[in-house]
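Trainee: Single-letter residue listing:
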Amino acid sequence: MTERNPGFATLAVHAGAQPDPTTGARATPIYQTTSFVFNDADHAASLFGLQAFGNIYTRITNPTTAVLEERVAALEGGTAALATASGHAAQLVALQQLMQPGDEFIAARKLYGGSINQFTHAFKSFGWNVVWADTDDLSSFQRAVSPKTKAIFIESIANPGGSITDIEAVAEVARNAGVPLIVDNTLATPYLIRPIEHGADIVVHSLTKFLGGHGNSLGGIIVDAGTFDWSKGGKYPMLSEPRPEYHGLKIQETFGNFSFAIACRVLGLRDLGPALSPFNAFMLLTGIETLPLRMQKHCENAKAIAEFLSTHKAVDEVNYSGLASSKYAALARKYAPKGAGAVFTFSLKGGYQAGVDLVANLKLFSHLANVGDTRSLIIHPASTTHSQLDDAQKTAAGAAPNMVRVSIGIEDKDDLIADLDQALGG
Amino acid sequence: MNHDSYADDYIRAILNGVKTIAMVGASPLNVRPSYFVFKYLTERGYDVIPINPGQVGNSLLGKPFVASLKDIDRPIDMVDVFRGSAHVMPVVDEVLSLSPLPKVIWMQIGVRNDEAAAKAEAAGLKVVMDRCPKIEYGRLSSEISWMGVNSRTLSAKRAPIPVKGMRLSLDRQSVSGGNTAASDRAVKNRNEPG
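Protein chains in written order, with the numbering used here: chain V, 26 to 451; chain R, -12 to 181.
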């Protein structure tokens, strides 16, 4: 008997969720509770010892959040997942399982600015040392490998410029170095790119963006691909060595191909604490049900707007990998054939002031520091997030004075084009 | 047969079909995986028999330890092996000397012996390697979903409330092995020589 493999849209609606055992409720209930009663002392001991399936405390597991976790794991093709309070928390928890003070990890220089801050400042204070590499020069990843390297971190579609990373090439460097590849898949979502199919061992997301998709709830997630052998060489003691607090239990030996997700939960989330609120899990789950439909519209609109802007007399250059003229067009066709996402940058002939004026003149685009909303968003980094830097520093950070970043929503594209046209002075 | 991955139907048929399970290497220590797999399978209604020659005279959750498979006084459907890969062949030889023959040999996570598997299969037994029956039961019933694990199954039917002693339905819609193809591929690459 052959087994049928449900498609992506079916998983987006069903994975992880089934009618509630007690009430029959079809939508996933919001289990807004801190704690769960034990049947008896033996049940409690089994749960605390990781010997039984069940809930203790919402910092570690929660039934609403568990549905979200299984949903995203299924969409990414992973073995398990762990939700966190934000995308930043996901990165913290994931790396805590891999890094000891003095260790290094390699990260792509083209990253969300918040990740650059986290890696440069917070992680440095833990003794986790980031070594930067350049996705436009893949040999830089190989050169960055050292005996202290514990992981490689890239974005599938990089923020803010929307460039596409050659995931398979970086995965090969990681494999040869014997370290896991972590891919931040926030801007692509598994609808556009499934990094695990291209060699990622761990996928992280800010659920706040396209997965949740409505700009109403923060959240993050770590997906375990189940591909990495943590037992090799004692390089990852959190997973391979006996855990004193669990009576000598070894995570890898006990949990097999979802042991990384379990380590993140029972060592990371337990001790660091950035659990997702069950209410946010519910909001994010509801968003994910329409992910395929929204991403189709986001990408269709983004391509149309990028094409419009690329012919506009006030625009200098459009950086959208979905344009045939983009230097990333070939990578986009390979990794993201359904669309190159909906976040990109463009520069204005009129310089810094033109950026300020464009943002001020728009009527439908919201001026704010987020991406991946149903609404179209815009930000002029030089006058906002990067305003403390001088011009040379702004350009180096991908925030040239005349550059603006947009996140295209799911409104009618003609209305968005008309708004941009009037704001650019027709 | 290929042991890098298993179709859900193969695992489901085994877990739905067996009733009596002999556990080789059952530990009385409540922090060992064999202990809590024993406990879980017992709570899900299987008749599990603990085998450990060093524990004869003692009981595990009310079940007396026996020294070896041949000391069991009733037909066995499945033998669950908590021994290192190198120690599996003698277990298989002992299994094949039993009458009636058990139907299944199951080796736990990390345990894989292709030679022993081939021998058992040649005698008509089903073999599972490098898997845990507790995890597979939890996955196919979706009980494991509590931990954010991808059960790779779907159901639009009302979920049961799992209580002690209750068998859970394992007959959910499978997402098949395809969605963890990456994990299966990784295992295959690891097991290939060189």
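Hints were generated in silico from the structure; no laboratory data involved.
Remember, it's a predicted structure, so these values are computed and weren't measured experimentally.
No residue lacks a Cβ here, since even glycine has one placed at the ideal position from N, Cα and C.
Fair warning: there could be bad hints in the mix.
Calculated from the model, a selection of chain R residues having no Cβ within reach of chain V, i.e. all distances over 12 Å [claimed, not checked]: (1) Lys6; (2) Gly44; (3) Ser46; (4) Lys50; (5) Phe52; (6) Leu83; (7) Ser142; (8) Ile148; (9) Arg154; (10) Ser161.
Subject to a maximum C-alpha distance of 25 Å in a straight line, what follows is the list of computed DSS-like cross-link-like pairs (lysine-lysine) [unchecked claim]: (11) Lys438(V) - Lys374(V); (12) Lys175(R) - Lys260(V); (13) Lys257(V) - Lys175(R).
Trainee: Each hint needs a verdict: does it hold in this structure or not?
Mentor: Going through the hints against the structure:
Chain V leaves lysine 6(R) outside its interface by the beta-carbon criterion, the shortest separation being 22 Å against a cut-off of 12 Å. At roughly 24 Å from the closest C-beta of chain V, the C-beta of glycine 44(R) stays outside 12 Å, upholding its exclusion from the interface. In this structure serine 46(R) is separated from chain V by more than 12 Å, as the shortest Cβ-Cβ distance comes to about 16 Å. Residue-level check passed: lysine 50(R) sits 16 Å from the nearest beta carbon of chain V, beyond 12 Å.
No beta-carbon of chain V is positioned within 12 Å of the beta-carbon of phenylalanine 52(R); the least distance is around 20 Å. Every CB of chain V lies more than 12 Å from the CB of leucine 83(R), the least distance being 27 Å, so the non-interface label holds. With 12 Å as the threshold on Cβ separation, the claim that serine 142(R) sits away from chain V is violated: the shortest Cβ distance comes to roughly 5 Å. The non-interface label for isoleucine 148(R) is inconsistent with chain V: the shortest C-beta to C-beta separation is roughly 5 Å, within 12 Å.
Taking the minimum C-beta to C-beta distance to chain V, about 15 Å, the non-interface status of arginine 154(R) holds against the 12 Å cut. Look at serine 161(R): its CB is around 5 Å from the nearest CB on chain V, not clear of 12 Å, so calling it non-interface is violated. Taking the CA atoms of lysine 438(V) and lysine 374(V), the gap is near 24 Å; set against the 25 Å cutoff, the hint holds. Between lysine 175(R) and lysine 260(V) the CA atoms are separated by roughly 22 Å; this keeps the pair inside 25 Å, and the hint holds.
For the given pair, lysine 257(V) sits about 16 Å from lysine 175(R) by alpha-carbon distance, which is consistent with the 25 Å threshold.
Of the numbered hints stated above, those contradicted by the structure are hints 7, 8, 10, listed in ascending order.
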